[in-house]
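Residue numbers (this note's numbering): 17 to 195.
FYI, nobody ran anything at the bench for these hints, they're computed from the structure.
All the given hints hold, so there is nothing to weed out.
Pair ranges (Cβ atoms, derived):
#: 1; residue 1: Leu-136; residue 2: Ser-172; range: 34 to 44 angstroms
#: 2; residue 1: Asn-170; residue 2: Ala-47; range: 16 to 26 angstroms
#: 3; residue 1: Cys-118; residue 2: Leu-59; range: 39 to 49 angstroms
#: 4; residue 1: Leu-136; residue 2: Leu-182; range: 22 to 32 angstroms
#: 5; residue 1: Asn-170; residue 2: Cys-118; range: 54 to 64 angstroms
#: 6; residue 1: Ala-157; residue 2: Arg-46; range: 13 to 23 angstroms
#: 7; residue 1: Ile-164; residue 2: Pro-90; range: 31 to 41 angstroms
Heads up, the beta-carbon is just placed ideally off N, CA and C, and yes, glycines get one too.
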Amino acid sequence: IDWSGHFCAGEARPIAGRCSIDRLDRYRSRAASLGWLLVALVLLVWRLAPFLAPGVLPARGDPNLPFPGSDLTPQFAPFVKIASDALWKHGIIAFWNPLVLCGAPFFETPQTGVISLSTLLGGLLGYVAAVKLSMLIHLMAGMIGVFIFARRLNTSSVCAATGALLFGLGGFLFDHFNV
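Starting from the given sequences, assemble the full structure and let the hints guide the process.
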């Protein structure tokens, strides 16, 4: 009987040693499958390397960048700074933004992300690193989700990793990161 309580390989009774070989084959298959996912994640990080450079927050039209950049970081980074400063320096949740017009609601606006991963990371890493790491983590989580979904549909690990890579390098990346 193997670890799940089933008889091995359809035998009427368990054969000593055979279950461990079947289990070893399953572990090798899972390792190979995760290897393809790892390749897809490494390719994503390689493609985003200019975006992830330390101390640089890509902005639209920056001539020093090898890609055009987008307006996502110039819009999103100040929101992260305001929210993380309020949380980590003052110990409060930012409900109001006094820096826009004569003041504007901040918590109520979903795009500010007051309760988000980037706000939590902003106090630990600084807002520039928090913006980049948050975007990378969200992309990787999406890629892992696509990979798991594809494997549940009984696709091969290569096809699942290709789908994950296409998700990571697809429309979201080109629209929001603009790399």
